[in-house]
Structure formats: structure tokens, C-alpha cells
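Given the coordinates of chain A, work out where chain B should sit on it, guided by the hints.
Here is what each chain is made of, one letter per residue.
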Amino acid sequence: MSPPLLVARDIVAGYVPGLPIVKGVSADVARGEIVTIIGPNGAGKSTFLKALAGLVPVTSGEVRLGDAVVTGKDTHRLIAAGLAFVPQTGNVFTTLTIHENLTVGGHTIGPALRRRLDAAYEMFPALAAKRGQKARVLSGGQRQMLAIARALMTEPSVIMLDEPTAGLAPRVVGEVFADLRRLAQTDVAVLMVEQNAKAALRISDRGYVLADGENRFSGAASDLLADPAVAEAFLGSRRAGVAGSEAGRTH
Amino acid sequence: MLGQAIADGILTGAIIALGAIGVSFGLQILRFANFAHSELVTWGAYLALVFVTFAGPGTPTGPLSFGWQLIAAMVFAGVLTGVLAWVVDILVFRRLRNSDAHPLSMVFAAFGVALVMRHVVVLIWGHGSYFYTRELQIALEVLPGIRMLPDQIFILGLTFVVVAAMHLYLTYSRTGMAMRAMAESPSLARVCGVQVESVVRWTWFISGGLAAMAGVFLGLTPQLHPEMGFNLLLALFAAAILGGAGSLIGAVVGGLLVGLAENLSVLFISPGYKTAMPFLVLLLVLFFRPQGLFGEKEGSR
Numbered sequence: 001m002s003p004p005l006l007v008a009r010d011i012v013a014g015y016v017p018g019l020p021i022v023k024g025v026s027a028d029v030a031r032g033e034i035v036t037i038i039g040p041n042g043a044g045k046s047t048f049l050k051a052l053a054g055l056v057p058v059t060s061g062e063v064r065l066g067d068a069v070v071t072g073k074d075t076h077r078l079i080a081a082g083l084a085f086v087p088q089t090g091n092v093f094t095t096l097t098i099h100e101n102l103t104v105g106g107h108t109i110g111p112a113l114r115r116r117l118d119a120a121y122e123m124f125p126a127l128a129a130k131r132g133q134k135a136r137v138l139s140g141g142q143r144q145m146l147a148i149a150r151a152l153m154t155e156p157s158v159i160m161l162d163e164p165t166a167g168l169a170p171r172v173v174g175e176v177f178a179d180l181r182r183l184a185q186t187d188v189a190v191l192m193v194e195q196n197a198k199a200a201l202r203i204s205d206r207g208y209v210l211a212d213g214e215n216r217f218s219g220a221a222s223d224l225l226a227d228p229a230v231a232e233a234f235l236g237s238r239r240a241g242v243a244g245s246e247a248g249r250t251h
Numbered sequence: 252m253l254g255q256a257i258a259d260g261i262l263t264g265a266i267i268a269l270g271a272i273g274v275s276f277g278l279q280i281l282r283f284a285n286f287a288h289s290e291l292v293t294w295g296a297y298l299a300l301v302f303v304t305f306a307g308p309g310t311p312t313g314p315l316s317f318g319w320q321l322i323a324a325m326v327f328a329g330v331l332t333g334v335l336a337w338v339v340d341i342l343v344f345r346r347l348r349n350s351d352a353h354p355l356s357m358v359f360a361a362f363g364v365a366l367v368m369r370h371v372v373v374l375i376w377g378h379g380s381y382f383y384t385r386e387l388q389i390a391l392e393v394l395p396g397i398r399m400l401p402d403q404i405f406i407l408g409l410t411f412v413v414v415a416a417m418h419l420y421l422t423y424s425r426t427g428m429a430m431r432a433m434a435e436s437p438s439l440a441r442v443c444g445v446q447v448e449s450v451v452r453w454t455w456f457i458s459g460g461l462a463a464m465a466g467v468f469l470g471l472t473p474q475l476h477p478e479m480g481f482n483l484l485l486a487l488f489a490a491a492i493l494g495g496a497g498s499l500i501g502a503v504v505g506g507l508l509v510g511l512a513e514n515l516s517v518l519f520i521s522p523g524y525k526t527a528m529p530f531l532v533l534l535l536v537l538f539f540r541p542q543g544l545f546g547e548k549e550g551s552r
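Same order as they appear, the protein sequences are chains A and B.
Just so it is clear: in the first sequence, position 183 is 183 by the numbering used here, and no numbers are missing.
One rule links them: number in the numbering used here = place in the second sequence (from 1) + 251.
Accuracy of the hints is not assured; some may be wrong.
Lysine to aspartate or glutamate pairs mimicking EDC-like chemistry, simulated, CA-CA at most 16 Å apart [as the list claims (entries may be wrong)]:
1. A:K134 x B:E435
2. A:K23 x A:E214
3. A:K73 x B:E448
Note that these hints are calculated values from the structure, not bench results.
Just chain A, with the same shape it has in the complex (with noise of 0.2 Å):
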């Protein structure tokens, strides 16, 4: 595997100072891998991410970028740095068209806009259909697809996301995946906070374990899957016969 392209060391981070959510959490992602933080509810999943996306203030630690350390830096400019963030909720324009909600960062991309463009509808045909209409008119499925697309849109080589199969129907759940499956194998870096959880690190090369805020549990995702101390705690009881897709639900 290569060398992590992202990497994230004792991170601290929280909306109010003095009360961090995350409480020194590490975490890193090479190219072509994809890897699923899961956990509880509160664990600080989401806030990590948010962290990373230069969204909530860092309090300490340091996140790597490639080469450069890029700490505290402002979203637009991290972006302009080859990341890319699909917030769990609200994460499409309803109030622009779909073209538009592909074309809103489009400073940051210059000149090759048209070629992508081009690529992003080429992937998403449902979208190029709808491209004048309002981001309003989508489908949960549809609005998922075009928050993915929109972020792509900058070429990134890290994404994030957030929760990406939330509140969506199961055979939707599984063409994310798939499509996320297929984005790692371009070479991006993908990073995803799951509550869906069995099914996520299914699709994932490696898996963090969050409980309040800090680092529970680290390895490949088949050993994590497989391992009883995180299937109890995290993956919901086996006995119980909760459905996999819903198991990391029950917490």
C-alpha cells in the first residue's frame, strides 16, 4: 500500500472551546483505499470529519495533506489542496439547478470545468437527464449521487463523507458503495463515517472503532468484522438477529 495521503495525528477538536468532542483521534487513508470510521452515536465521527474539512476549529493535533501540513486551514483552500467533503445532510443546493450545484465551487476548478462536467454526467446519467431542474426534484438516491459528483467535480484525491447511505432505501444503500468501490479504484482516497455499519466495512479496506471521541478499536475491516470484542460493542449482538444492514443502528 502506499504511503497515507491523508493523516490525521491527535486530533482535538469542538465547536465550544474548552469542551473538544474529539479527544485526540488519529486516523489515515492512502490512495486507492477506502476506510470507515464507525461507532456510536456521539462518538464524534461526524465532528472529526468536520475537523479535517477545516469546518470545526482544531484545538491540537495535526492533519496532513500529502506533503503539507494543513492545520486549521480555511475549507476553500484545503479544497483547493485535493480534498473534498459530502456533509451528511443538506448536501446539495434544493434552491439551484443540478448543473449549477456542479458548477458553484467552479473557480477552484478553471478551465477544465466543461471536461468534467462531461464526466460527472457520463457517471450519473440520471443527473444529466435533470441538469436544468432544481436540485429540489431528486430523489434521496439522486441527491446522494449529485453531492458525490459535486465534490468529484474538483478532481479531489481525498474524499470524505459522511454518512453517505443515510436514510436510504437498501438497494440504493448498495449502489453507493459500489460506486464508491469504483472511485477508489481511480486512485482516490476515501474516507467515510458509517452508521451503516457491517455493510460499510464490508466495501472497506480498513476501519477505526470512535467511542467518546478517541480511538477504540484500528485494523483491516475483515479483522474488525471478525473480531468479537468490536462485533458486540459495535456491530450490534449476533444473537439479538438484528439485520446486517441495520446492525450498527442499534446503538
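Chain B alone, transformed into the frame defined by chain A:
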């Protein structure tokens, strides 16, 4: 009578619309009720007066009461008021924004800014009234029974051109698109790589420029005084909310409705109630459409 009231209403409405666009941008893009916006109207008018004091209002062109100098004065005032709005943001509002101040703190800060701005005008120019020009004009009968001054026709025409240009700007320009994106979700705009501070700067600049235009028009019909903007404040907010905050067309239609409500009411009730009319319309509209006439419903996503 009715035709004349409609014509007067549209004229008042056009001026209100120019100011209401800035209020609407403030509510939606900057996310607070900027009660200091009316003072940008006053400042725009007085900055144009500075230009006119030195260059003169110009010899009347055709039927108009002024020459090219007043147009130049308006451009001068528009640019300076835009810069003024931006400077006030740096001095006051940006600090509050960056420290995540409560929206109410922003509103109270705006009240403070408004007081300071208004009284600096009094300090410099005094309480008296000023005129850009003392040329007399003869009203033209534009339609049977409807008379308008050539200056008023000019104001309507120029407002129409500027609003159309603004609409094209918001629809097609990169910054316009970024402004609409910010209006819906500042955090998502940030994630898309939009340079938020740059969009904020443009928003202030455009709001200030349009406010100055409204100020010059108010000063032309017929005079300037330190409370000219303040007297318009509630009408500006009524228009912006009526139209649905964040919508340019909404602010313009809202402005026209407020202007018409004020002028038409005079036909039926005592003129003393004139300024209350916009609020009656506002209450009625909000009762049936809480998001305003052209506003997007919250939580539609």
C-alpha cells in the same frame, strides 16, 4: 385619481425595491436583519450631494432637471456607499460573525451602527434639507389623467434596467451563483470551495450600491434630509419579507406592493394611516404564505 395613485405607488415602490434588495440579501446571505441598511440609503444620497456640490447638477438635459453630472454623482455615490458598507462590515459585523455571535447581537449592533451613521450625517450636513437641483419641472401627461415628472420617468426606467441587470448577474455570474448558494447554506457553500468572505464582500458592495441609488432617487423627489433613509426602514423590511427573503424578484415585487399599498390607501382612508398600509398587506400575505410571496419553503429538502 386611481391611475395617478397607481403611478405614484409604482414610483415609490421602485425606490423601496432598490433598498429592499439589500435588506433581502442581508437576511438571507448574511443571515441577520440589518437595520442599518436604511442609513446606507441616506449616505448614498449625501455622498452624491458632495459630488453635485463640486460638479454642479449640470445643465438640464432635455426635460430632466439635471445633466450628466448627477448620473456621475450616482455612480460615485454607489461605489463609495458600497465600500462604506464593506468597511462597516469589517469594523463591526465581521467581528461578530467570526465569534459566532447570536443573530440578535448582530441586530442590536446594526441598531448601534445605524444611530452612529445617521448622526454623523447630522454632524456634517446638519438637520436641514438639501436639493440636488432647484430646476422646476413640468409634469407630463403620460396616460390620460396620469401625470409624472420627467425625473420620475427616468427613475422608473433606470430602476428597471438595474434590476434586470442584477437578475442576469445573479442568474449567470459565478459570484451570483455563489451568493444564491450562500443564501441556501453557508456551510455547504464553504464545502464547495466558495470563498465565503469574498462573497460577503460582494454582497455588501452590491447592497450598498443599490441603497445609494435609492438614496439619490429619494433626494431627487424632491429633497435630502438626515432621516430620509430611516423613514424608509420599515417599508424596506416589509418589502423584503413580503417578497420572501433572498429572492431578488421577491424584493422588487414586495417593494412595488408596499409602494402601491401606501399610495392607494390614501384614496380610501386618511393619509395619516398611509405608512401603516404596508404592514396590513404584510400581515395578510404572511398569514397565507409564511415564507413570503417568492420565498422557498424552509425544510423542503
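Hint check results:
no., hint, in the structure
1, A:K134 x B:E435, "holds, 13 Å"
2, A:K23 x A:E214, "holds, 6 Å"
3, A:K73 x B:E448, "holds, 14 Å"
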